[in-house]
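> In case you want the letters, here they are:
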Amino acid sequence: MGFEVDNTFRVIEASLNGSLARQKVIAHNVSNINTPGFKRFLVDFEEQLANPQRKPAQLPLKVTRARHISIPVNEDFAVTRDLSPGLRADGNNVNLEQEMSLMVKNNVYFNAALNQINKKIAVRKYVLSDGRG
Amino acid sequence: MSLLSIMDVSASGLNCEKLRMELIAQNIANIETTKTSAGGPYRRQVAVFKETLRNELNRSANPGKFMGAGVQAKIVTDNAPALMVYDPQHPDAGQDGMVAKPNINLANEIVDSITASRAYGANVTVFNATKSMALKALTVGRG
Numbered sequence: 000m001g002f003e004v005d006n007t008f009r010v011i012e013a014s015l016n017g018s019l020a021r022q023k024v025i026a027h028n029v030s031n032i033n034t035p036g037f038k039r040f041l042v043d044f045e046e047q048l049a050n051p052q053r054k055p056a057q058l059p060l061k062v063t064r065a066r067h068i069s070i071p072v073n074e075d076f077a078v079t080r081d082l083s084p085g086l087r088a089d090g091n092n093v094n095l096e097q098e099m100s101l102m103v104k105n106n107v108y109f110n111a112a113l114n115q116i117n118k119k120i121a122v123r124k125y126v127l128s129d130g131r132g
Numbered sequence: 000m001s002l003l004s005i006m007d008v009s010a011s012g013l014n015c016e017k018l019r020m021e022l023i024a025q026n027i028a029n030i031e032t033t034k035t036s037a038g039g040p041y042r043r044q045v046a047v048f049k050e051t052l053r054n055e056l057n058r059s060a061n062p063g064k065f066m067g068a069g070v071q072a073k074i075v076t077d078n079a080p081a082l083m084v085y086d087p088q089h090p091d092a093g094q095d096g097m098v099a100k101p102n103i104n105l106a107n108e109i110v111d112s113i114t115a116s117r118a119y120g121a122n123v124t125v126f127n128a129t130k131s132m133a134l135k136a137l138t139v140g141r142g
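Sequence order for the protein chains is A and B. Here the first sequence stands for residues 0 to 132, where the numbers follow numbering that gives the first Met the number 0. Here the second sequence stands for residues 0 to 142, where the numbers follow numbering that gives the first Met the number 0.
What the hints contain is simulated information worked out from the structure, not anything from laboratory work. In this text, a Cβ means the ideal position worked out from N, Cα and C, and glycines have one as well. Some clues are possibly wrong.
Output of the computed footprint for chain A on chain B, the stretches with three or more beta carbons under 8 Å from beta carbons of chain A [claimed, not checked]:
| # | segment |
| --- | --- |
| 1 | 19-26 |
| 2 | 129-138 |
Quick list of in silico lysine-lysine cross-link-like pairs, DSS-like style, CA-CA up to 30 Å [claimed, not checked]:
| # | chain 1 | residue 1 | chain 2 | residue 2 |
| --- | --- | --- | --- | --- |
| 3 | A | 104 | A | 119 |
| 4 | A | 119 | B | 17 |
| 5 | A | 124 | B | 135 |
Examples of chain B residues toward chain A, derived with CB under 8 Å [stated by the list, open to error]:
| # | residue |
| --- | --- |
| 6 | 9 |
| 7 | 30 |
| 8 | 31 |
| 9 | 80 |
| 10 | 141 |
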């Protein structure tokens, strides 16, 4: 049994990346709240994580030695654009309240995933210390 | 994708809203200015916003990738005609007693300043949320 008994770390990492992607999209939407004609972006990473057909974008790190390990970084999540007309006269469809609630939810999600990682690491530490830790 | 680059996105929003606020202050300060170095009355200046997309040249190479990187602003002079006011006592009055006043509507400027201030606050909120995420990410492995 290796250190990675299960895929939890990998899954949590993917969801952290998804959460980051969402935070970036929200920041972009909010910064463009006064841009005429701007259409908001959204990223549904939960659905993409649940999709068994999903092929993670493997962007391997460049390795300079054959024995270096290339870690797949930056799983890319598809970002879609909401082209609905919106309620405003200038064609912008960013709704500040919606973005803020998405952001708070995303924040909680991110914290939850990090707590999960910390707990996993704590369990590993406990085991490594023969249960005395 | 890093949390720090998300902060840059919010920072671009803060920057543009600040510029808008500056222009509003400039407009209101000059609401009675009838003489400028360019001649004629002061003209209203507006910040025009545009979405920033990173790496626009390579966008066609990977179409599904998110390229958003915040917002950028440009200063544009409002070309609406000057406001003609009848004031024969004014030193800049013409033969007919009309004075060309800046094309500024105070109500518009005040409403714009409120919008800019709210948008600035929204960007600050996102920035702080991103910051708390970054700080939380530093605790990995401590638990």
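> State the violated hints by number, sorted upward, taking the hints as numbered earlier in the document.
Checked against the structure, the hints that fail are numbers 1, 4, 7, 8, 9, while the rest are satisfied.
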